[in-house]
Amino acid sequence: MSKKESLQKVLNDFNSRHVLRIEILWTDGQKTGISNPQAIGIAMSALKNELEKQISEL
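Using my numbering, read the sequence shown as starting at 1 and increasing by one per residue.
Read the hints as simulated data drawn from the structure, not as lab findings. Owing to the predicted nature of the structure, the values given are computational and were not obtained by experimental measurement. A portion of the hints provided could be inaccurate.
Claimed, not checked - Computed beta-carbon distance windows for the label pairs:
id	residue 1	residue 2	range
1	LEU47	GLU5	32 to 38 Å
2	PRO37	LYS3	30 to 36 Å
3	LYS4	ASP28	32 to 38 Å
4	GLN38	SER16	20 to 26 Å
5	GLN54	VAL19	15 to 21 Å
6	GLN8	GLN30	30 to 36 Å
7	GLU57	SER16	20 to 26 Å
8	SER2	GLY41	29 to 35 Å
9	GLU5	THR32	30 to 36 Å
Glycine included, each C-beta is placed from N, C-alpha and C at the ideal position.
Throw the hints in and build the complete structure from the sequences for me.
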């Protein structure tokens, strides 16, 4: 699978789901999470924009 196909698959999956929580794994192995809907919306919007940008560049 090409990089573009792989990124498109991630974007398709991204668009078909609803995020309730974002988990963060820090370099020291500790975990934390974000469950605030506004914070999740902002983070997911940024991720989607980056995915779309990378796909368009390939």
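How the hints compare with the structure:
For LEU47 and GLU5, the Cβ-Cβ distance of about 18 Å falls outside the hinted range of 32 to 38 Å, so the restraint is violated. Checking the proposed 30 to 36 Å range against PRO37 and LYS3 shows it holds: the Cβ atoms sit about 32 Å from each other. For LYS4 paired with ASP28, a C-beta distance near 34 Å keeps the hint of 32 to 38 Å intact. For GLN38 and SER16, the hinted distance range of 20 to 26 Å is satisfied, since their beta carbons lie about 22 Å from each other.
The beta-carbon spacing between GLN54 and VAL19, approximately 19 Å, falls within the hinted interval of 15 to 21 Å. For GLN8 paired with GLN30, a C-beta distance near 33 Å keeps the hint of 30 to 36 Å intact. Here the CB-CB span from GLU57 to SER16 is close to 23 Å, well matched to the stated 20 to 26 Å. Between SER2 and GLY41 the beta carbons are some 30 Å apart, a value that agrees with the proposed interval 29 to 35 Å.
Roughly 33 Å separates the CB atoms of GLU5 and THR32, a value that falls within the hinted 30 to 36 Å.
In this structure, only the earlier hint numbered 1 is contradicted, and the remaining ones agree with it.
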